[in-house]
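**Q** In our numbering, the protein residues as written are 1 to 168.
Treat the hints with care, since some could be wrong.
[Unchecked claim] Below, simulated BS3-like cross-link-like pairs (lysine-lysine); rule was C-alpha separation at most 25 Å, straight line:
| no. | residue 1 | residue 2 |
| --- | --- | --- |
| 1 | LYS64 | LYS96 |
| 2 | LYS7 | LYS133 |
| 3 | LYS31 | LYS7 |
| 4 | LYS96 | LYS140 |
| 5 | LYS28 | LYS88 |
| 6 | LYS140 | LYS64 |
| 7 | LYS136 | LYS115 |
| 8 | LYS7 | LYS88 |
| 9 | LYS131 | LYS64 |
| 10 | LYS31 | LYS64 |
| 11 | LYS133 | LYS105 |
[To be verified] The following label-pair restraints were derived from C-beta to C-beta distances:
| no. | residue 1 | residue 2 | range |
| --- | --- | --- | --- |
| 12 | LYS115 | ASN55 | 36 to 46 Å |
| 13 | ARG43 | ASP92 | 28 to 38 Å |
| 14 | GLU89 | ILE33 | 23 to 33 Å |
| 15 | ASP144 | ASN74 | 18 to 28 Å |
| 16 | ASN8 | LEU50 | 16 to 26 Å |
In case anyone wonders, no lab produced these hints; they're calculated from the structure.
A virtual CB, placed ideally from N, CA and C, is assigned to each residue, including glycine.
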Amino acid sequence: MSNFGIKNIEIGWDPNPEWVDLILEIKKRFKSINIGVASISSRQSLESILSLDVNYSMSQFFNKEIHIQAIEYNQLVIPGISNIENFKEAIDLGYKIVKIFPASKLGINFINELKDFKKKDIFFIGAGGIKSKNLKKFLKSGYDALVIGRELRNQTPDKDLKIWLKDY
């Protein structure tokens with residue numbers, strides 16, 4: 001992936017006891033990649049990543065209790081936002097970066113609504129169902145970064161993604 005210019009990879013959290021060792025090994029082997037953790041949605045998942053020294057992690061959906069704990073632990077857990085109420089709560093907790101999920105279903109109108117409520121400079125990450133052929137459309141609509149997941153199942157970017165990575 002790094003050969004294609006991908007700089008951040010988010011790996012889904014798993015309760016398997018060997019998962020932590022796997023992440024540590026990946027971090028050791030791929031030092032040029034910023035490894036993050038996805039699916040932080042419980043106290044167990046949050047506590048298991050504290051020893052990993054990851055720069056970021058993400059939750060699929062906003063969970064105020066988990067995000068307050070993450071702040072107390074000084075662990076960045078980017079909140080997943082799917083409605084205006086959760087967005088306001090995340091901003092009230094001090095978040096300056098949020099993940100809009102699922103971006104493909106919420107659509108472009110949703111990010112426009114969030115911009116209306118935005119009082120500070122917020123970094124928007126779009127995730128969930130985004131296709132590489134739609135990258136430019138999402139970025140032009142106000143997303144600052146995008147997550148592509150299932151399209152990379154075979155670990156090789158498709159032609160649209162390769163073109164986009166080459167241009168950017």
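**Q** Evaluate each hint against the coordinates.
**A** Structure-based check of all given hints:
no.: 1; hint: LYS64 - LYS96; result: holds (15 Å)
no.: 2; hint: LYS7 - LYS133; result: holds (20 Å)
no.: 3; hint: LYS31 - LYS7; result: holds (10 Å)
no.: 4; hint: LYS96 - LYS140; result: holds (20 Å)
no.: 5; hint: LYS28 - LYS88; result: violated (37 Å)
no.: 6; hint: LYS140 - LYS64; result: violated (30 Å)
no.: 7; hint: LYS136 - LYS115; result: holds (18 Å)
no.: 8; hint: LYS7 - LYS88; result: violated (29 Å)
no.: 9; hint: LYS131 - LYS64; result: violated (30 Å)
no.: 10; hint: LYS31 - LYS64; result: violated (32 Å)
no.: 11; hint: LYS133 - LYS105; result: holds (16 Å)
no.: 12; hint: LYS115 - ASN55: 36 to 46 Å; result: violated (26 Å)
no.: 13; hint: ARG43 - ASP92: 28 to 38 Å; result: violated (21 Å)
no.: 14; hint: GLU89 - ILE33: 23 to 33 Å; result: holds (31 Å)
no.: 15; hint: ASP144 - ASN74: 18 to 28 Å; result: holds (23 Å)
no.: 16; hint: ASN8 - LEU50: 16 to 26 Å; result: holds (20 Å)
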